[in-house]
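My request is simple: use the sequences and hints to build the entire structure.
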Amino acid sequence: MAHIHCTDIVKSYGAHPVISGLNLDIPNHEFVVFLGPSGCGKSTMLRMIAGLEEVTGGRIEIGGTDVTDLPPGERGVAMVFQSYALYPHMSVADNITFGLRRQGVSKADIAPRLKQVAEVLGLEQFLDRRPKNLSGGQQQRVAMARAMIKTPKVFLFDEPLSNLDAKLREKLRTEIRRMHLKLKTTTIFVTHDQLEAMTIADRIVLMRDGMIEQMGTPDEIFERPASRFVADFIGTPAMNFVTAKLEAGLIACAGSIRMQLSEAEFPSLNPGQEVELGLRPARMDLCAPGSANALTGEVVLVENMGAEGQVITEVDGAEISFVTQRFRDLSIGDTVHFAIRPDHIHVFDPKTGRSLRKD
Amino acid sequence: MGKLISTTLTRALLGLLIIVALGPILWTVLGAFKELRDIVTPVPKLIFEPTLDNFATILRNPTIRDGLLHSVIVVSASVLIGAVLGIPAAHSLARHARRWGDDVQFFVLSLRFMPPVAIAIPFIVIYLDLGIYDTLFGLILVYLITTISTVIWLAVPAFERVPHDIEEAAAMEGCGPAEVFWRFSLPLAAPSLFGALVFTFVLVWNELLLALTLAAQNATLPVVAASITSLGKEVPWGVINAATVLLVLPPLVFIGLLMGLLNSMVRSGPK
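Chains as they are written, first to last, in the working numbering: chain A, 658 to 1016; chain B, 1365 to 1635.
Calculated from the structure, these hints are not laboratory results.
The beta-carbon is built from N, C-alpha and C at its ideal position, and this holds for glycine as well.
Be careful, since some hints might not be right.
Cβ-to-Cβ under 10 Å is the rule here; a few derived chain A residues that face chain B [claimed, not checked]:
1. GLY708
2. GLU731
3. PHE738
4. SER740
5. PHE755
6. GLY756
7. ALA800
8. ALA804
9. ARG835
Rough simulated footprint, nothing fancy, chain A against chain B, three-plus residues with beta-carbon under 8 Å [to be verified]:
10. 1521–1531
11. 1534–1544
12. 1559–1567
Take a look at the structure:
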């Protein structure tokens, strides 16, 4: 039992507020990712849950116990740091078992547990080495082993993969996800990498300026972004945005563009209203001229991504890109027609940036 | 060709520097093992019959023996107390008061700007009033100004180089602040701290002026060694050389250790 309950969390450094009144509930067994640009408060939030940073106001509960004023060691949490933070003056085995030895767990009890985590993480042959004689990926595994052996109530990961190269990052990401499926320990994982967040999370908490911008499953965040900020932050290539005016029959017009919006999704829209359309490149594809919701543009650049390609076009002087598998037939200067399904069009309020989709 | 010339020139220059640096030390060491007539010959002698008489003389001389003993007591006490007080202070400054750290460090360093004479004269008056003039305790007390400030000044950067994450990781495992300090910060900063202590040791071991003004009877070795030179016409060169060797031996040994440590640190390098 280790759900996490954060109520009205406030954090400020002097007069400068970093987090102002944040509420968050993380159910038991869930893998939650704190995602956001740097400076959004995600690491601060994690460090407050860990106990490394004091809260200015509010209350943190872990597994039903108020831990707000408890020191880090008494909260039943284990943390993996971005820099790994291994103890350089100890062997790998001593690094992993330090916490247990400190608690006075007997050698006979520690040995099988060490063997087990070392086996799971493939560290058996490194146990006698010093951390500095290991590669980055191996050091990261030692850091994970050190967290795992304590069988904590909650795992905290602070950007643990950002110091690794792309390939290793992907591999360890999968390993962490697999480990969670097996152990089912409640986990909070901080990252600024949206792809990492999408692939690893049960739920994403997307933060901005110390506030939660949106909280939801990766699908919800991707398909139903609550704001322009979320829509822009998630997805590669990034979403296209077009300012348009509504005409009767929920048709959004901007220059030569005419888009039929879904009445079921956007019942609150009125003719004459200004809106911002969000069009995901990956949700558009080539179409026959004159199709519904078609855009016509001139190819500016084609980016080969292997299985598919991103085509950047100029439509009425603005750049709009889309993704297609048939990009190899296109060359710069071609006129192309591409379209999007009405249920994939996002509509935002141009002033507040909030989504105008019905809840 | 040009490269060959430049390497040769560099080597020649280095060789010259080594001779300039080590020549006097070598001459002193040789002199310590010579009899007076081998020292005062018009033609310097490199080959001679070595003698331990000079060392026997100084070790039999109560003034020099006491000087050595006083030096050892005063220097080790002031360095030890300086370390005990200065190292935790440096850790606190490095970790918890970084914004004041620079000011405090500058203040501590500024204590060393003042010429020792400026301290010595008021201290004579104060010490006479307190009744601790010409005592080892008084000397230790005044040396603590030097040792504490130097230890703090050198140990703050040593602790700053200890990654904060490691201390936090230890805190996550339940270690309190004192335990984090003893089991993590201190061992990780130890190589640099050792250097700081050696440097501090050398500084007070060689100190002459304060020792000369504040401790007339309880003289330390530099004071005694200095006084031998003013013994009159018959200058006992061999004894002076032997006393000098005795005086420079501890700093030289420590500096040697320090160099070895620095070399090993540079060689292992950052990961």
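Going through the hints against the structure:
1. GLY708: 8 Å, holds
2. GLU731: 7 Å, holds
3. PHE738: 5 Å, holds
4. SER740: Given a least distance of 5 Å, the restraint on SER740/A holds.
5. PHE755: Because about 6 Å separates PHE755/A from the closest Cβ in chain B, which is inside the 10 Å limit, the hint holds.
6. GLY756: Holds. Min distance 4 Å.
7. ALA800: Since chain B brings a Cβ to about 8 Å from ALA800/A, closer than 10 Å, the hint holds.
8. ALA804: 9 Å, holds
9. ARG835: Violated - the Cβ of ARG835/A stays beyond 10 Å from chain B, reaching only about 24 Å at its closest.
10. 1521–1531: holds (count 3)
11. 1534–1544: holds (count 7)
12. 1559–1567: n = 0 at 8 Å, threshold three: violated.
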